[in-house]
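Enquirer: For reference, the chains in residue letters:
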Amino acid sequence: MNLFTSFVLLTLLILFTPIMVSNTDPHKNNKYQSYVKNIVFCAFITSLIPAMMYLHTNQETLISNWHWITIQTLKLTLSFKMDYFSLMFMPVALFITWSIMEFSMWYMHSDPYINQFFKYLLLFLITMLILVTANNLFQLFIGWEGVGIMSFLLIGWWFGRTDANTAALQAILYNRIGDIGLLASMAWFLSNMNTWDLQQIFMLNQNPLNFPLMGLVLAAAGKSAQFGLHPWLPSAMEGPTPVSALLHSSTMVVAGIFLLVRFYPLMENNKLIQTVTLCLGAITTLFTAICALTQNDIKKIIAFSTSSQLGLMMVTIGLNQPYLAFLHICTHAFFKAMLFLCSGSIIHNLNNEQDIRKMGGLFKALPFTTTALIIGCLALTGMPFLTGFYSKDPIIEAATSSYTNAWALLLTLTATSLTAVYSTRIIFFALLGQPRFPPSTTINENNPLLINPIKRLLIGSIFAGFILSNSIPPVTTPLMTMPLHLKLTALTMTTLGFIIAFEINLDTQNLKYTHPSNPSKFSTLLGYFPTIMHRLPPHLDLSMSQKLATSLLDLTWLETTLPKTTALIQLKASTLTSNQQGLIKLYFLSFLITITLSMILFNCPE
Amino acid sequence: MTLIHMNVLMAFSMSLVGLLMYRSHLMSALLCLEGMMLSLFVLAALTILNSHFTLANMMPIILLVFAACEAAIGLALLVMVSNTYGTDYVQSLNLLQC
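So the sequence lines, in the order shown, correspond to chains A and B. Here the first sequence is numbered in UniProt numbering, starting from 1 and rising by one per residue. Here the second sequence is numbered in UniProt numbering, starting from 1 and rising by one per residue.
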């Protein structure tokens, strides 16, 4: 009897400790931050043990703990599913959270509510792990809503700023639209399969599963910012940089993709859903890559890069490769978090300057951050044998060699080259050239709290892909033989993007800035999507519902149709037809005389 | 017919005469209407209970319900007249124009 389940539950339980000391003394002083950071480190080490055991034996586990309630035939328990996905994701998420917490000890140093910040980050981590290890849809929903709430609280951290409040509300609203899909799927599973347990759902694999799977796709589109529900992700950059690094690059936004990856036994037989996800992911990845091309805020470019990679993960699911999508989730987390940390270092060192047009020349001033940024961008674009290569290249290979939608494939390839373009843009504007910031800012990156997290994530960005790919148990056989030009597709597109971007940036460096052209305006204003969709549909909906409720229902059906019409008709009829004078007493007297006379007449003969 | 029946019938005819021959206030006509309804109720209840005619037990109650409705409408009309003319003298109802 090994300690597999004990270590898993210990990992989850360790993380609760700082929350429980919330109202006591440790929460009020400065030690709380190191305490939380060390707790997350301990949880990381503890979670490595079950992960290693799983890699050694390839045995999945299901922990079913506490029976909560049985509603007629539905039994709800507290159950944790320890399979390939959750066991691989937990160490990755804990490692990245540990690094981000150490970073935010430097970044949020002067914030008076820093202890509350750490508590919120920890709560977010706990709900994310609940989502990842959930075995029934109810527990998954708890984690799902939990990450949504923590995202709201953390995006609106500086709530004195209007834009931050708007962005937090936007995140909640868009996630809610996705939640409709999740709730619809849960209702369908409850009424048709009588369960919310994943095991029973996969066993009873019925055939026409379009409705619940479309609901799950909608939920994933809401949480993972696919096209149509995407504007909340760039707006979420109003939150502090650690929040962007943790939530909106590595962990929360992959919750939607994770949901679809969890349900892969249902999706591998359904061609319609695969086509839907493929096309949705392709549109997302290209659209957000186009939007990233002309942004001027460094965090927004990285946010759009995240959105583009999420579209790529969606494409992978559409190609019926859930394991590749999951591998991309894990590797993407490393270099995206590192990119955000580097941008946080740049922002803080330039005295909160986020516009890349006002940066420059940081190559000599911030050497370590520069190194990390360049390696992160290279890993993002899929430079051979860095981390991104081990997940992105197999995805492109699978895409080019499978019987799939050629148009979606073209979009994905274009987005791959655009990835290289905007990465070059970041490197060029932020790091190279002469400085464009005021020279009075003191630039100092010598703090170990800043250097160590980036160093750890740097080592992860370089080696994690290799280590993960060689450790995971093989599940699907990848295609081993393909023509040379297909094998080199990803590399060619990326190199093309790099060369074109670099040449254009160098050539136009000293030209005068003319009026923005129409495509440039399309890209900067995010394709006009927020401008149109945040004003027009709400206005139409609200005015239509007001007209329906007030004018149609109240005024017309309930008031005018019967009561007022009847009164009007009676009025007109009586004024038209009566020609009486009102001699009431005389009339009543005549009634009396008639009644007495008739009573006498008809009673007398008797 | 018994003495009780004749008693109540006398009350009814008294109210009827009072309804048809009132002096100047519309209110007295309404009051006499109420008196007619009341005496009818008592008459019906007595007869039905006396002859154990259980099937018609509902009739006095329904009669009462409708009497209440008609009293409400009568009072509404009274209020309208009073709003227009200030009093409820019947002499002022000689035009009957809406």
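Hints in this document: simulated from the structure, not taken from any laboratory. Hints should not be assumed to be uniformly reliable.
What the hints assert, rightly or not - If you want a taste of the chain A side facing chain B, the calculated C-beta under 7 Å gives, among others:
#1 ILE584
#2 LYS585
#3 PHE588
#4 LEU592
To be verified - Computed spacing ranges between beta-carbons, pair by pair:
#5 B:LEU55 to A:PHE211: 55 to 61 Å
#6 A:GLN546 to B:SER24: 50 to 56 Å
#7 A:ALA549 to B:SER24: 37 to 43 Å
Backbone N, C-alpha and C fix where the C-beta goes; we use that ideal spot for every residue, glycine too.
Enquirer: Hint by hint, note whether the structure agrees.
Expert: Here is what the structure says about each hint:
no., hint, result
1, ILE584, "holds (5 Å)"
2, LYS585, "holds (6 Å)"
3, PHE588, "holds (4 Å)"
4, LEU592, "holds (4 Å)"
5, B:LEU55 to A:PHE211: 55 to 61 Å, "holds (58 Å)"
6, A:GLN546 to B:SER24: 50 to 56 Å, "holds (53 Å)"
7, A:ALA549 to B:SER24: 37 to 43 Å, "violated (50 Å)"
When each numbered hint is compared with the structure, a violation occurs for hint 7 only.
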